[in-house]
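Spelled out, the chains give:
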Amino acid sequence: MTVFIIRRLMQAVLVVFLMSVIVFFGVNVIGNPVDMLVSPDADQADIQATIERLGLDRPILEQYWLFMKGALQGDLGNSFIFGEPALKLILQHMPATMELALTSLVLAVLFGIPLGLFAGLYPENPISKGIMATSILGFSLPTFWVGLMLIILFAVELGLLPSTGRGDLGTFLGMQSSLFTLDGLSHLFLPALNLALLNISLVIRLTRAGVREAMGQDYVKFARAKGLSTNRIIFVHVMKNILIPVVTVLGLEFGSLIAFSVVTETIFAWPGMGKLLIDAILQLDRPVVVAYLMIIVLFFVVINLVVDILYSVLDPRVRLQDHGQ
Amino acid sequence: MTDVTTEAPAAVAPVRVETPFQRFASEFFESKIATLALFTLIAIIVLAVLAPWITPQNPYDLAQVDVMDGRLPPGEEAFAGYTMWLGSDGAGRDLFSAILYGLRISLSVGVTSGIIALAIGMAVGLLAAYTGGRTEAVIMRVVDLQLSFPATLVALMLVAILGKGIENIILALVVAQWAYYARTVRGTALVERRKEYVEAAACLGLSNMRIIFRHILPNCLAPLIVVGTVQTASAISLEATLSFLGVGLPQTEPSLGVLIANGFEYMLSGRYWISVFPGLALLFTVVSINLVGDQLRDVLNPRLKK
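If you're matching them up, the sequences are chains A and B in order.
Residues in the first sequence are numbered from 1 upward in steps of one, following this note's numbering.
Residues in the second sequence are numbered from 326 upward in steps of one, following this note's numbering.
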């Protein structure tokens, strides 16, 4: 077990190291930030001063060495545009993204489980067929397109909900969030729904499949024979068994939500990490791009590592298989 | 005894001799939705290919575009006399024409990246399956690693590194997709490799190359076709997403995603058509490819056959 964890940990470190090489060299070899940052009428001395201030005149290997040395101390360089540490900028934008991703997970459960339950209990009902057809659309429609439709419907035509920004922030237990004010919640709803659509479809399908499988099982028949009410059978006995795959899959999907929020944040002008990344790409703000990519890689590697270790604890066959290779 | 011999031909007689393709086609057309999707897809492809000959204007020829026609709602008549059934965009381009031209770009980027990714994934997958051992372990480790990141994120990372431009987008889409093909091919090839016909071919003294490409590969085609359709749809949608975010194709290559992005700024003022119609074209394309892919999977998968 310990050997398995150590090996996985070493692999994870190797992946992060390789990604840092790819990302750093990729970003630094292509594109010339000097042209972007110095105004066209600046003289040679200004250009030289900027290059020296940003360390762009050093050999690329030395730049990478300085980058890695800084990265290990939590310093990923300063943003060219804002002049602030890139890591600080990303951490400042992280709560907004987390808030969006967590809310959309909650929405996925709130919408997905009841709809999936209904579709699984009454598979022949036309409403169930409608739910399933819509869930297929949820998989194949591009996220940004659905976001546009939500804006047209709720913000432009009906005028019910705002479509840009984060709204008023409330403070609760020292945390600032849109969740604590009505205005903030109304700003949060559309982007969170947009981000949740894929997962709502996923939860509907998982729940439906789970219910249909569980209803034929002996323990359900036994509970019926015991004279339990249908509600108790569904919400206590069946539900417990369905929640296992749903929770597992949603946990795995959390990383994807952070990644997909890039799209949603851009559409709804939500001031999170994703919008920061797109703005940084468009303005060639290399340190921010590099810092974002490193953080997201780290995030995914940690999620995968935790899932791998949890699986190997739950299912020893995974460990043996790995050993056999 | 006599009963048996007289009955047997009678039972055989009504069975028509079908070629495999006819059987495949009749099974495919059993589903009405898939049939509809296939015809929609064919119509979309024909419209896109014929765009220069059937659109009322070339939206990127400045001589044919009139700024006075800008932001006309659907059904208005253009200055040049024809009706703009889908309205016009901010620069006065007829949206119907712009959409057909956009479809050409979207489809060709999606299909090109799909074919390149398929070729690379196929080669790598076959190599892994046929060599086995350490090579296979390393290749599959890389494939698994990449598949643990969502394709959108992989493409976004590459675009962040490479920058805009049609070659960079195709490259990003290829890198985001090859692993899906590699995994599929390797999985099927491993099963095929252990079958007797491969052993027989090896006994005949055929070269490895010949066994891989003439004997194993044709038997891996069915799942590859299914993955290929689904991946092409997701490539088209991914390109549209990147272009919409402004990190995909440049304005000089106006795919559907670029058109939708251009219309976005007009949307809050109620001029919905500039974004909505290119979006619908994208939607019909992606959904019909997916439906065709679903049906192909059902028809080509022998396990699901009755």
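No lab work stands behind these hints, which were simulated from the structure alone.
Worth double-checking, as some hints may not be accurate.
[To be verified] Each pair of labels, with its calculated beta carbon distance range: (1) B:F538 <-> A:V307: 36 to 42 Å; (2) B:L593 <-> A:V307: 48 to 54 Å; (3) B:S594 <-> A:I127: 33 to 39 Å; (4) A:L121 <-> B:I370: 22 to 28 Å; (5) B:A547 <-> A:P114: 37 to 43 Å; (6) A:L121 <-> B:E590: 52 to 58 Å; (7) A:Q44 <-> B:F538: 40 to 46 Å.
Every residue, glycine too, gets a C-beta built ideally from N, C-alpha and C.
Outcome of the hint check:
1. B:F538 <-> A:V307: 36 to 42 Å: Given about 38 Å between the Cβ atoms, the range holds.
2. B:L593 <-> A:V307: 48 to 54 Å: violated, 41 Å
3. B:S594 <-> A:I127: 33 to 39 Å: For I127 (chain A) against S594 (chain B), whose Cβ atoms are near 37 Å apart, the range 33 to 39 Å holds.
4. A:L121 <-> B:I370: 22 to 28 Å: Since L121 (chain A) and I370 (chain B) have Cβ atoms about 42 Å apart, the given range 22 to 28 Å is violated.
5. B:A547 <-> A:P114: 37 to 43 Å: holds, 38 Å
6. A:L121 <-> B:E590: 52 to 58 Å: Violated - the Cβ-Cβ distance for L121 (chain A) and E590 (chain B), about 46 Å, lies outside 52 to 58 Å.
7. A:Q44 <-> B:F538: 40 to 46 Å: violated, 59 Å
Consistency with the previously given hints fails for numbers 2, 4, 6 and 7, ordered from lowest to highest.
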